[in-house]
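All chains, full assembly: derive it from the sequences and hints.
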Amino acid sequence: MVDSKVSLLTPYKMGRFNLSHRVVLAPLTRQRSYNNVPQPHAILYYSQRTTQGGLLIAEATGVSNTAGQGYPDIPGIWTNEQVEAWKPIVDAVHAKGGIFFCQIWHAGRVSNSGFQPNGQVPVSSTDQPLTPQISANGIDVAQFTPPRRLRTDEISEVVKDFKIAARNAIEAGFDGVEIHGAHGYLIDQFMKDQVNDRTDDYGGSLENRCRFALEVVEAVVNEVGADRVGIRLSPFANYMESGDSNPKALGLYMVESLNKYGILYCHIVEPRMKKVDEKCETPYSLQPMKDAFKGTFMAAGGYDREEGNKALVDKHADLVAYGRWFLANPDLPRRFEFNAPLNKYNRDTFYTSDPIVGYVDYPFLESST
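Our numbering applies: residue -17 is where the sequence shown begins, and numbers increase by one.
The set of hints was computed from the structure by calculation and includes no laboratory data. Yeah, the Cβ is synthetic: ideal placement off N, Cα and C, and Gly gets one too. Do not take every clue at face value.
[Said to hold, decoys possible] Simulated pairs of lysine-lysine, PhoX-like, Cα-Cα distance not exceeding 25 Å: (1) LYS242 x LYS142; (2) LYS272 x LYS(-5); (3) LYS(-5) x LYS297; (4) LYS297 x LYS326; (5) LYS(-13) x LYS297.
[Said to hold, decoys possible] Label-pair distances were calculated between CB atoms; the ranges are: (6) GLY79 x GLU153: 15 to 23 Å; (7) ASP286 x ASN241: 24 to 32 Å; (8) ASP73 x LYS326: 43 to 51 Å; (9) GLU66 x ASN321: 18 to 26 Å.
This is the structure in structure tokens:
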């Protein structure tokens, strides 16, 4: 039975885009882009999760041959081959009436020299090494090469990489880009004082630590237009040893600064998601950031149907991004409409290279529902 009181299924106007509902596909790393080139199997994966007027955010996509090398088989958008490979994927989403943004990303120190061109070391805001991390399967241990601290004069080149990646994304047909400023990757490594130990113009004060992020925003906005740009932030998270001593101040400073550029949306991870897959009690709320930001505000972080509806009713967010539940339920908006049971996700297949299992074989609701 259809539930007529589902706020998640109400329309929303996001700038030039008319969304038919507020259930967003969150960016999800899947590690199935062999040799950093998007593959034809992604056509089915993304089109399965597309609805007329639905917003999808593509998986983290590297902006350069050093940026996208945090893990094996991550897609990139720095070569013509990659741009051409994205085109049929984007076309498939558009054919079903979806709106598709590309998340542009630099891993920073979350890498090792085995993934880097010519075996070079990863770059970061710091030369502090990242300690080994247990992988998602709970068995393997990810090892990270101690990074090289970016010189001040090199930072503008990384900003340029983001700018070119944004241009390439639009060339590939994407409707816009989301700058990945979350989860302990390069931009977060500059913003967070647990990591950033610089003494130049990009370290020390809050303003200095956010300088790189805002330079990326400015460059991307100037390249493709503010109405095509979003950003993802996780000021409260401590992923990959990237925490901050005053996350509320960091979040507020960023959203207030973003207002100057007039970007389309700000996508922030809930304070309760301090670690991956782990909700915790917290005194913090995204509400001050939502109230301060003048564009569309998207929240993410372990939401279910009830919590997503409540976030919208309480004006805690304009849109709600879903990751694992959308991964396992390609027809998630329809399941929310009927309040239908959800498929359980299989964590063991999140990051395998299989083009079918755990990727495009999750079942849909029966058409008779």
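| Any of the earlier hints contradicted here, and which numbers? | Result: hints 4, 8 and 9 break, sorted rising.
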